[in-house]
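Once you've looked at the hints, dock chain E against the given chain L.
Protein chains: 2
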Amino acid sequence: MTSIHAPVSDLDIARAARIRPIEDIAAAAGIPAEALELHGRYKAKIDVAQLPRVPGKAPGKVVLVSAMSPTPAGEGKSTLTVGLADSLARAGQSVMVALREPSLGPVMGMKGGATGGGYSQVLPMEDINLHFTGDFHAITSANNTLMALVDNSIYQGNPLNIDPRRITFKRVLDVNDRSLRDVVIGLGGPTQGVPRQDGFDITVASEVMAAFCLATDLADLRNRLARMTIGYTYDRKPVTVADLGVEGALTLLLRDAVKPNLVQTIAGTPALVHGGPFANIAHGCNSVIATQTAQRLSDIVVTEAGFGADLGAEKFMDIKARAADVAPDAVVVVATIRALKMHGGVAKDNLREPDVDAVKRGVVNLRRHVANVRKFGITPVVAVNKFVTDTDEELEWLLSWCAAEGISAAVADIWGEGGGGPGGDDLAGKVLAALEAPRSFRHLYPLELPVEEKIRTIAQEIYGACDVEFSAAALRRLKEIQANGWDQLPVCMAKTQYSFSDDATRLGAPEGFTLHVRDLIPKTGAGFIVALTGAAMTMPGLPKEPGALRMNVDDDGGAVGLF
Amino acid sequence: MTSIHAPVSDLDIARAARIRPIEDIAAAAGIPAEALELHGRYKAKIDVAQLPRVPGKAPGKVVLVSAMSPTPAGEGKSTLTVGLADSLARAGQSVMVALREPSLGPVMGMKGGATGGGYSQVLPMEDINLHFTGDFHAITSANNTLMALVDNSIYQGNPLNIDPRRITFKRVLDVNDRSLRDVVIGLGGPTQGVPRQDGFDITVASEVMAAFCLATDLADLRNRLARMTIGYTYDRKPVTVADLGVEGALTLLLRDAVKPNLVQTIAGTPALVHGGPFANIAHGCNSVIATQTAQRLSDIVVTEAGFGADLGAEKFMDIKARAADVAPDAVVVVATIRALKMHGGVAKDNLREPDVDAVKRGVVNLRRHVANVRKFGITPVVAVNKFVTDTDEELEWLLSWCAAEGISAAVADIWGEGGGGPGGDDLAGKVLAALEAPRSFRHLYPLELPVEEKIRTIAQEIYGACDVEFSAAALRRLKEIQANGWDQLPVCMAKTQYSFSDDATRLGAPEGFTLHVRDLIPKTGAGFIVALTGAAMTMPGLPKEPGALRMNVDDDGGAVGLF
Numbered sequence: 295m296t297s298i299h300a301p302v303s304d305l306d307i308a309r310a311a312r313i314r315p316i317e318d319i320a321a322a323a324g325i326p327a328e329a330l331e332l333h334g335r336y337k338a339k340i341d342v343a344q345l346p347r348v349p350g351k352a353p354g355k356v357v358l359v360s361a362m363s364p365t366p367a368g369e370g371k372s373t374l375t376v377g378l379a380d381s382l383a384r385a386g387q388s389v390m391v392a393l394r395e396p397s398l399g400p401v402m403g404m405k406g407g408a409t410g411g412g413y414s415q416v417l418p419m420e421d422i423n424l425h426f427t428g429d430f431h432a433i434t435s436a437n438n439t440l441m442a443l444v445d446n447s448i449y450q451g452n453p454l455n456i457d458p459r460r461i462t463f464k465r466v467l468d469v470n471d472r473s474l475r476d477v478v479i480g481l482g483g484p485t486q487g488v489p490r491q492d493g494f495d496i497t498v499a500s501e502v503m504a505a506f507c508l509a510t511d512l513a514d515l516r517n518r519l520a521r522m523t524i525g526y527t528y529d530r531k532p533v534t535v536a537d538l539g540v541e542g543a544l545t546l547l548l549r550d551a552v553k554p555n556l557v558q559t560i561a562g563t564p565a566l567v568h569g570g571p572f573a574n575i576a577h578g579c580n581s582v583i584a585t586q587t588a589q590r591l592s593d594i595v596v597t598e599a600g601f602g603a604d605l606g607a608e609k610f611m612d613i614k615a616r617a618a619d620v621a622p623d624a625v626v627v628v629a630t631i632r633a634l635k636m637h638g639g640v641a642k643d644n645l646r647e648p649d650v651d652a653v654k655r656g657v658v659n660l661r662r663h664v665a666n667v668r669k670f671g672i673t674p675v676v677a678v679n680k681f682v683t684d685t686d687e688e689l690e691w692l693l694s695w696c697a698a699e700g701i702s703a704a705v706a707d708i709w710g711e712g713g714g715g716p717g718g719d720d721l722a723g724k725v726l727a728a729l730e731a732p733r734s735f736r737h738l739y740p741l742e743l744p745v746e747e748k749i750r751t752i753a754q755e756i757y758g759a760c761d762v763e764f765s766a767a768a769l770r771r772l773k774e775i776q777a778n779g780w781d782q783l784p785v786c787m788a789k790t791q792y793s794f795s796d797d798a799t800r801l802g803a804p805e806g807f808t809l810h811v812r813d814l815i816p817k818t819g820a821g822f823i824v825a826l827t828g829a830a831m832t833m834p835g836l837p838k839e840p841g842a843l844r845m846n847v848d849d850d851g852g853a854v855g856l857f
Numbered sequence: 295m296t297s298i299h300a301p302v303s304d305l306d307i308a309r310a311a312r313i314r315p316i317e318d319i320a321a322a323a324g325i326p327a328e329a330l331e332l333h334g335r336y337k338a339k340i341d342v343a344q345l346p347r348v349p350g351k352a353p354g355k356v357v358l359v360s361a362m363s364p365t366p367a368g369e370g371k372s373t374l375t376v377g378l379a380d381s382l383a384r385a386g387q388s389v390m391v392a393l394r395e396p397s398l399g400p401v402m403g404m405k406g407g408a409t410g411g412g413y414s415q416v417l418p419m420e421d422i423n424l425h426f427t428g429d430f431h432a433i434t435s436a437n438n439t440l441m442a443l444v445d446n447s448i449y450q451g452n453p454l455n456i457d458p459r460r461i462t463f464k465r466v467l468d469v470n471d472r473s474l475r476d477v478v479i480g481l482g483g484p485t486q487g488v489p490r491q492d493g494f495d496i497t498v499a500s501e502v503m504a505a506f507c508l509a510t511d512l513a514d515l516r517n518r519l520a521r522m523t524i525g526y527t528y529d530r531k532p533v534t535v536a537d538l539g540v541e542g543a544l545t546l547l548l549r550d551a552v553k554p555n556l557v558q559t560i561a562g563t564p565a566l567v568h569g570g571p572f573a574n575i576a577h578g579c580n581s582v583i584a585t586q587t588a589q590r591l592s593d594i595v596v597t598e599a600g601f602g603a604d605l606g607a608e609k610f611m612d613i614k615a616r617a618a619d620v621a622p623d624a625v626v627v628v629a630t631i632r633a634l635k636m637h638g639g640v641a642k643d644n645l646r647e648p649d650v651d652a653v654k655r656g657v658v659n660l661r662r663h664v665a666n667v668r669k670f671g672i673t674p675v676v677a678v679n680k681f682v683t684d685t686d687e688e689l690e691w692l693l694s695w696c697a698a699e700g701i702s703a704a705v706a707d708i709w710g711e712g713g714g715g716p717g718g719d720d721l722a723g724k725v726l727a728a729l730e731a732p733r734s735f736r737h738l739y740p741l742e743l744p745v746e747e748k749i750r751t752i753a754q755e756i757y758g759a760c761d762v763e764f765s766a767a768a769l770r771r772l773k774e775i776q777a778n779g780w781d782q783l784p785v786c787m788a789k790t791q792y793s794f795s796d797d798a799t800r801l802g803a804p805e806g807f808t809l810h811v812r813d814l815i816p817k818t819g820a821g822f823i824v825a826l827t828g829a830a831m832t833m834p835g836l837p838k839e840p841g842a843l844r845m846n847v848d849d850d851g852g853a854v855g856l857f
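Chains as they are written, first to last, in the working numbering: chain L, 295 to 857; chain E, 295 to 857.
Don't read these hints as lab results, they were simulated from the structure.
There may be inaccurate statements among the hints.
To spell it out: a stretch of chain E is covered by chain L in this simulated footprint if at least three of its residues, at any positions, have a beta carbon under 8 Å from a beta carbon of chain L; those stretches are [as the list claims (entries may be wrong)]:
1. 371-378
2. 470-483
3. 632-639
4. 739-747
5. 759-771
If you anchor each label on the Cβ, the simulated ranges turn out as follows [claimed, not checked]:
6. L:A536 - E:E317: 39 to 47 Å
7. L:L689 - E:T462: 56 to 64 Å
8. L:N644 - E:E317: 55 to 63 Å
9. L:T527 - E:T527: 16 to 24 Å
10. E:R312 - L:A731: 50 to 58 Å
11. E:T527 - L:N644: 42 to 50 Å
12. E:V302 - L:A322: 40 to 48 Å
13. L:S388 - E:R312: 37 to 45 Å
14. E:L843 - L:V682: 54 to 62 Å
What you are looking at is a predicted structure, and each value in this text was computed from that prediction instead of being measured.
Cβ atoms here follow ideal geometry from the backbone N, Cα and C, with glycine treated the same way.
For reference, chain L alone in the conformation it holds in the complex:
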């Protein structure tokens, strides 16, 4: 994220920032000391049960930050989320940020954190990008304890009649480790286990993570964990965690992790950073518990969802907003001149060159995302995330186009100045206006629709597809889903974020295409059916020059080379 902007790194800015004791941030946010579990000076978990009920306090309004179809470098959603919250605070609003926790695996792999950038970051970024408060480690533990119990059950006589060839749940690690994608385990003879094909995913791809992030409390989490399907019997019946009887143990392993983590932005706005399911095979937004806690504590919650609005926002509306009452009151669609140029046909290496015509050609992508947001009954606001390479002509054309289309829009100069400065004032004003607009939120589809029709609705209404084609495997899976009574679950699309279609090279606003559904994966604990279009990467690899090579600790214990 940093390289585009400046010689000063995000880590430099973060370390130079004045950080306040987390007790002060908590006190200002109305969190009493008894609800605070400190983790050092600048992080705390919140014991939600200890929060006061304020009579008459309406739940905070939710501002969801989403984006147009991004470039591979990303359009700065996290940065914008932080900056917008800071700008709203600057405007005198009671506001909190709710963000995902970063995954440790990618931190070791490539440059680029998930805690915002420039002067719009959450602090302490070093901690948040490393182990933070251990939530992901707890999820890794719960996931892998479950799988040890599954393989142990098979080894100890297999009383549940589990077919080792039909185990669908994998072990996970929060490491980018391609060599664990496909493995054979249980080798070594009769005392070492039962051999079977297996694989590891990255922790953020664990269904435990998805269930964790959709649970409204510990009891709901236990129920979701109990419903997770780990595989099938020899006669093709699903086997759940409840069948193994270990949902209690898994919940115990997560009892502290479910408490949301309080940190702060550089400008001192309180931020809850909690949970982080993969955006490609899960729903890609922070925990329901964090969002709802922020709603209890503030008047406005600024949060984000992964990928573009075709994926992140749709899943927020149809999955997360069904798990709990967290439907957005406004949606910010982040656009960048760079991304518009890319959708206008400019090659990746030329995106820094002025090219207003390419912006004009690429705006069709933004237009469809804006129209999609309106289908949920929500007022969109376009936030143009300003980069130093943007020209006035490009920015002015974009704003005038938005005005002509009746789209509320503002340029946000949030990276360079931080949300504490005036660069986000205009956007904050537009968002406040949108929050005053009448809202008539609706889901895109009713749960009663068959899974096949839900997918078709999303493909046609949101993506602009003319048809959906199911592979033979997907058709078989649809029958299983019906037979097992899972047809009422919402759908979680796994699709490239770079195109509305399932072909990453079809930029802009493609039409007349067929969406290909390759396979369906029921996630009965998280509570959705993943629809795979194309390959889904669930365990990333490391690059040739991993970021780890540059990392170190200085004599004061400070991080070196972390972005």
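Structure of chain E alone, referenced to chain L:
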């Protein structure tokens, strides 16, 4: 640990105990607020750099709690360690406990924690037995990040010429998972990695754990990590972490974990619980940093080492006390009537029956351990850990035998009363007297001896073996060790804890036996050569009825079924 004693579980006792805010414990121990990083209300990490240097304060004396050769149920070393510290505090001494952190894997497997028992426990036991402050998760991350980097280096062209068949470092998980002992990774074709045979150990068996626990500070830790050997090149040259250039990244992942964890005993004695290397293939005691921090803060540090004195105490003297100036000033040898009976030939199921003759026969085991401790120039004190099934006749005979042999001894009734009661007063008095005795500590062998001779010295002097036999593999390895210049490292014996010999069934004080060294594993970062006698279990399995089946969380978030 609990089942022998009472219908009240350790968890019940722990939850009923009055626990004090950790700031109060810290203040009483002379730890200033600026050195304290709170983890909730009852746990804190200590930033050692912020501790004041007290002019004229001598480092605290070290009392090492070890044991005779144990029964499979264990003789209560942790309980005795906690209880003795409480009793010393009751006697007005400035005292701290230093203990290992428990491993999460076994917690899910079987009943029995590692935080003491009865009224001699460290609190909060629920947290300590689960994720605690995340140290083991950080070690798991560092270990597995390293291995992802190793396999990535091979995948990205193998510039270090690593032979995938000769990688000696494994991935780890803090889970009892036998099906991961032997695996094949890197399957799936050219884009998924390079296939090779591999396996997972439990986290406590990681060399990162051993290096972590022997490091004196972060810089020393980085040096140790850099020296770790991950495998060999095709031309049989060792490949180290320094060759990969990632010791900085691994140190960064451990920068918070190296800070020792402050908790308290039920009686309110400050305890540092930090690190926990496996006792079978590592040295089995808490971190050097914790021991030395406790020495800075108190006049007496009570600590323990895993297994019997032939293993734990010997490694403490010859490995840990070489890494830092932490040699014991007194050694407590825990004995139980049960264990003496077992060494006297009584079957496991009959150990509760009164049998003074068996005690008399079994005392040869205790006698050899006591004599061994004296070989290090240290005064031993025998602590008879009292069980409810012990008869007065048995206890009295044992005490009179000790008196006749000139061995300082006391019965400690610490489980039932807790160290806060008078049950440990006698033992505390004996230990204080031993600390006043003249000490002339010496290591058992000089580092200059060849590895082969070091092993022979331990086998003959400590175990009572008449000879040592090296397998063909071990002989080859001895040559490699010499060729690579690792001959000056101390030896870490991996031997059954149940017998002085390498045959677990030879109880008492066997003589005239040959010790068989099957293989040698250089741990160049931890800084020792592991000598394997018999099989070394480095990844436990789960039992038929895992403890996880009984676990849950109650409505208040409290642990259920955790011991």
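Of all the hints given earlier, name the ones this structure violates by number, lowest first. Result: hints 1, 3, 4, 5 and 9 break, sorted rising.
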